[in-house]
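Student: Based on the provided sequences and hints, a complete structural model is requested.
No gaps in the numbering here: position 289 of the sequence shown is 289 in our numbering, and each next residue is one more.
Bear in mind the hints are in silico, worked out from the structure with no lab data behind them. As the structure is a prediction and not an experimental result, all values here were calculated from the model. Glycine included, each C-beta is placed from N, C-alpha and C at the ideal position. Each statement offered as a hint is correct.
Pairwise CB distance ranges, derived in the manner of DEER restraints:
no.	residue 1	residue 2	range
1	Asp174	Pro63	41 to 51 Å
2	Glu296	Glu169	32 to 42 Å
3	Arg31	Glu169	44 to 54 Å
4	Ala170	Glu273	41 to 51 Å
5	Gly253	Val66	17 to 27 Å
Pairs of lysine to aspartate or glutamate residues, derived as EDC-like cross-links and limited to a Cα-Cα distance of at most 20 Å, are as follows:
no.	residue 1	residue 2
6	Lys259	Glu116
7	Lys259	Asp291
8	Lys259	Asp58
9	Lys259	Asp114
10	Lys259	Glu57
11	Lys259	Glu27
12	Lys259	Glu30
13	Lys259	Glu85
14	Lys259	Asp297
15	Lys259	Glu293
16	Lys259	Asp113
17	Lys259	Asp87
18	Lys259	Glu296
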Amino acid sequence: MTSRKYLVAASALALSAVVAGPVVADEWPERPVTMVIGFAPGGSTDIQGRVLANVMEDYLGQPVNVVNEPGAGSAVAFTNLANAEPDGYRFLFGGTTALTFTPIITDVEYEIDDFEYLAALALGQNALVTSAEQPFETFDEIIEYGRENPMTYAQQTALDQAIIERVAEAEGLDLAIVPTGGGGGMAPLVLGQEVDFAYSGGTHAQYTPTGEMVIAAFLSAERSPFYPDVPTLMELGYDYSIEDWRAIIVPQGVPEDVKDRLMEAAEFASQDERFIETTEGNTFFPVVYYDQEQMEDNVRRVRAATEEVMAD
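Tutor: Written out as structure tokens, the structure is:
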């Protein structure tokens, strides 16, 4: 090969390598992607997730199919995700309390180091709710009523159940726990007055504007900007709160270029009007964008703080 021919061939090879570099990342995904929701259809996570899937499809250029895997406050979905192939084709959209709290009090088959936390897209709005037809509205009124009458409570997660059981014990309430698979299962129980009050991770946003459902208190550390008159449980004298994010989570070991694509799609969604309107306008969750570094820190910080509280 002459020097000139060698230089031409080498230049062509170098150019093909440069071009091929980003194309490898851009080619992912080459087939449909699965988004797992750890709750039954109809709840706030499911509502947000389905819109998020549609927006991510536009960015990724492949269908994003939503699969519901309810059970044990999303612990079933996290267990399945921990055992999934780490190729990015299966990821979870959901709350972080199944990682920061559930493994502390429940025997689960996963740990926080089994996952990577790519992005948070919304701040959790955890609340205690009741029907507008009940003889009580505020949390103080619920406690007062419960001191004289047996009560029922619809739970969704191990964390909300643990908090309410501690409150009930402190207040001397006779409280029966009714498990549900998510907000879609909780709402008819509350509206039909089959339970006295319940935990809501955001489903209440569908029923408070109509006056059918009342928020008695928030379990978050601060009041909701959408319900500024409703106090937090901490304001009412109970030292409990839930710090929670709706996040995109993958099993440990997903390739960096694939994680980058998912994070780019998540950031794209956080600025999309469809996702913002559904998340803030319909489910009343503040939209945010926290990247992987922030979320890795957040999950471990809250987990450590929760372990300290539960040890007391």
